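Go by the hints and put chain B onto chain C.
Below, each chain spelled out in residue letters.
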Amino acid sequence: MIGLYAIARGAPRDAIGARGERLRVLALGELEAVCGDPPPPLSADAVRAYEAAVRRIAEAAQACLPARFGSCAADENSLSAALEPREAELNEALALVRGREQMTLRVHGTAPEGGAAGGPGTQYLEQRRRARTLPELEPLRAALSGLIRAERLERHTEPGLLASVYHLIDRGSAQAYRQVVESAPLEGLRVTSSGPWPAWSFAPELAP
Amino acid sequence: MRKQSRSEADEIIDRADASLLEIIDHVLNKGVMLQGEVILGVAGVDLIYLRLNALLCAADQLLPRREGT
Numbered sequence: 113m114i115g116l117y118a119i120a121r122g123a124p125r126d127a128i129g130a131r132g133e134r135l136r137v138l139a140l141g142e143l144e145a146v147c148g149d150p151p152p153p154l155s156a157d158a159v160r161a162y163e164a165a166v167r168r169i170a171e172a173a174q175a176c177l178p179a180r181f182g183s184c185a186a187d188e189n190s191l192s193a194a195l196e197p198r199e200a201e202l203n204e205a206l207a208l209v210r211g212r213e214q215m216t217l218r219v220h221g222t223a224p225e226g227g228a229a230g231g232p233g234t235q236y237l238e239q240r241r242r243a244r245t246l247p248e249l250e251p252l253r254a255a256l257s258g259l260i261r262a263e264r265l266e267r268h269t270e271p272g273l274l275a276s277v278y279h280l281i282d283r284g285s286a287q288a289y290r291q292v293v294e295s296a297p298l299e300g301l302r303v304t305s306s307g308p309w310p311a312w313s314f315a316p317e318l319a320p
Numbered sequence: 044m045r046k047q048s049r050s051e052a053d054e055i056i057d058r059a060d061a062s063l064l065e066i067i068d069h070v071l072n073k074g075v076m077l078q079g080e081v082i083l084g085v086a087g088v089d090l091i092y093l094r095l096n097a098l099l100c101a102a103d104q105l106l107p108r109r110e111g112t
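Protein chains in written order, with my numbering: chain C, 113 to 320; chain B, 44 to 112.
Note that these hints are calculated values from the structure, not bench results. If a hint is listed, it holds; no wrong ones were tucked in.
For each label pair, taking beta carbons as the anchor points, the in silico distance ranges come out as: (1) C:Tyr236 / B:Ser62: 37 to 45 Å; (2) B:Asp60 / C:Glu201: 32 to 40 Å; (3) C:Asn203 / B:Asp60: 34 to 42 Å; (4) B:Asp60 / C:Gln174: 31 to 39 Å; (5) C:Arg264 / B:Asp60: 23 to 31 Å; (6) B:Ser62 / C:Gly233: 42 to 50 Å; (7) C:Ala288 / B:Ser62: 20 to 28 Å; (8) B:Ser62 / C:Glu142: 33 to 41 Å; (9) B:Ser62 / C:Gly230: 43 to 51 Å; (10) C:Glu250 / B:Ser62: 28 to 36 Å; (11) C:Asp282 / B:Ser62: 19 to 27 Å; (12) C:Glu188 / B:Asp60: 32 to 40 Å; (13) C:Gly233 / B:Asp60: 44 to 52 Å.
Incomplete in silico selection of chain C near chain B, CB under 10 Å: (14) Val166; (15) Arg198; (16) Ser306.
Computed from a prediction, not measured in an experiment: that's the story for all the values here. Ideal Cβ placement from N, Cα and C applies to all residues, glycine included.
Next up, chain C with everything else stripped away, as it sits in the complex (with noise of 0.2 Å):
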């Protein structure tokens, strides 16, 4: 049993793990994949510890997509056998994450309650357009619009967390990107911002 912990291009060759072990770098066609050992118990520390490592990756490789915690396979060639009819997927994700890093923010606030015009087609369009962007945030984003190379959006139904939204940022322009979300004029929301993190929601999901 091996542990994947990314999918990356210019990898290091010697980072170490969740669990102090030596990873290793397997070339699988164009994409490199980080593995060490299985997968460790759940538990904060362990947490703690793989993200770390992923950061660790992510920081010193050209690009970086991490993966999920717990991913692991029952040797090479079955990791192979999972990511190669993936690899072109895998490879536009790359392009897009290198030399780029993440910052998350939680969006809270109060969903504002209908008030589109129009017939109820129109007006569950609306929703769903709103849904999707959260134009409430377009302040922001008419702010940040030098700094952010590509957005994306989760709704969230518990009260008061409205959206997660991740950007992805060029690598060392975060403290530029915090300062503008300080800064930034938003009524009615209040807007909490954490990172640089590894591209974790620029990762595909590779469900079959």
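Leaving out everything else, chain B in the frame of chain C:
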């Protein structure tokens, strides 16, 4: 084994601080996940998925504004 995993997940969630919640969300909720030949090999993760967003929301009540990591 399964019961033990759930207890472990409960303990993590119940004791999680804000920075750990952020790490959990990224590490357990995001990232390349392959199904089939490559599996999630750790039990108890699903329990954390279910409770994470509610906790992230609750954490906002405890945090100073716009805290970074």
